[in-house]
Each structure stands twice: as C-alpha cells, then as structure tokens.
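**Student:** Make the full structure from the sequences, and use the hints.
Protein chains in written order, with the working numbering: chain A, 32 to 118; chain B, 345 to 550.
Bear in mind the hints are in silico, worked out from the structure with no lab data behind them.
Just to be clear, a hint being listed does not mean it is correct.
[To be verified] Interface residues of chain B toward chain A, partial, derived using beta-carbon atoms under 7 Å:
# : residue
1 : Y418
2 : L426
3 : G455
4 : D486
5 : P492
6 : R495
7 : V530
8 : G541
These numbers were taken from a predicted model, which means no experiment stands behind them.
For glycine and all other residues, C-beta sits at the position ideal for the given N, C-alpha and C.
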Amino acid sequence: MTTVVVMMHRPTAEALRPPRTVHVRFPFGRPFGLPGHAEQQRVVVEDALAVLVNAITPGQIVDLPYRWRREDYARILAERASQGQKS
Amino acid sequence: MAITVKDLTQNPGTVPFSRLKYLARREEEEVVEFFNRLFQLTAQAKDSGQWHEVERFLEEWEERLTNFRIPFYYDSSPWSPLGKPLSQCRLALITTGGLHLKDQEPFNVEGDWSFRPIAKDTPKEQFRIAHIRYDTKGVLEDVNCIFPLDRLKELAEEGVIGHVADVHYGFMGYIPKPEGLLQDTVPQVASLLREAGVDAVLIGTT
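**Tutor:** Right under this line is the structure:
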C-alpha cells in the first residue's frame, strides 16, 4: 500500500518517518487548508499526490512553502494549468 | 490579586492559537519574556505601520513552542512504490480528525484507536466530528479541509487519478496508548483497503 501523509508538525514526522510525508506549516487541524477554500485544498492535494508518485527516498519529508492565507492559490493552480502540469 | 501564567495565556484554542496555545505550558519566566517582547514589538509596529516584525516574532514563538518530541521513534521507513501511473490508481483517504457518520458510534475523545468506514457517496449532512484536541469549528461546513473527498472526486473526473475508492476511513488521532492501533485497527484497515483494490492512500493528520 503506497501512502503519503500530510503533517503540520515536523518533529513528529522526523520521529515517525512515514514512507512519504508532506509537511505544510498550516495550523494544527487544517492539513488541507481552510473550510470552503477549494483552491487551497486542491493545491495541497496535488502536491501530496506528486510526492506519492515521485518520492524515491523512504522517510522523505517534503516541505511545502505555503503561507496559510497569504498565498494566491488560484494563481498557483492557474500557473500549473498553463504549464500543463496536473499533479 | 496575583496574576498567574494561566491568566495571561488564556486563549480560545482556535486555529490562530493552534501553536501559540502551548505558551500555557511554559514557565513563568518564558511567558513574561513573550509578553514583554510582544508589547514592545506591537507598540513599535503601531508607530511604524510595519507589522512584519510582530508576525515574525509570533512565527518564531510558534516554532519554539511546538518543538516538542513525541515518545516514539522509528529509524526506518517501509516502502511500497506506486507501480502504476496515478491515472490508473484507486485512491483512498484516511483522516485522524475524528470524522464519523451520524449513525456510527462517536469516537471516545479521551483515547480511541478504532476506525469508521466512510462511503464515498455519503451525504454531507451525515458527517460528524468527535475530537477535542483541535479546533473543529467550521470543519463540518467543509470537511475537505481534513478529508478532501470532493477534491479527489474532481481529480478522478479529470483523469488525474483513476478512481476514488468506495470506502475511506476515519480515525480519531488522540491515542495515548497506540498498541491497539498497531496490532489491531491499522492491520484491519490495511487489509480492507487491499481487498478493495486500493493502490494508494492519502492520509491527513490533524
């Protein structure tokens, strides 16, 4: 079973070393973003799926750079679409 | 009336406080350091109109206050590569956010390693949350913030992933004694996922 886990607390990821971890510095309790913010959620899900596909080192932790409410998630998705990149 | 650390660090425990609330566990000296520095920075920020120093201060303290280690450690990671293109994969979600359905027994918020199956077409009105250790306000209005089922469905419609699994799983992540999880419920869920032909799992922690 191939897994990827989204975590907000990096020390726990470092201790548990899941096969693939996406670390996002969102508030605890909001791994995929704000309720009602589909674009933010989509960006994080896409990134997690990219790690699922591309990770090569067991225990790897990928840090996402997103600053909670500060990013323009719609713009990120638009840029990905225009680059023909979907995951 | 003597003011205590508890008085100073009172907070609603909501999302803005998800890391800062740990100030309540610190010694008095550290709490005084925090508030005194915050006092100085906010006065300066009000004067200058530049609040980024205050933000940076709070972010540094968020890191400092949550730099705790859990009492478990693994020095290796299991590995099971995907083995096929994502566009052919069946994906399932797992959440630790205490998600269950209205006809299912709620989780015991004091510690519970059981799981709840969540069918992919469950009407949203049937979702419930049983968890007291994170800010659950607003989550039921859009459960995608912990359990992005709608996002997965969109990705399946677009052909980015192959299929959304018929059944997904909710856990409640406050589990002080995890032996039952490791010996019982996780193997059960792994087996159920395998039987259902699930290729990959996206796990959201809380």
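**Student:** Which hints, by number, does the structure contradict?
**Tutor:** 3, 7, 8
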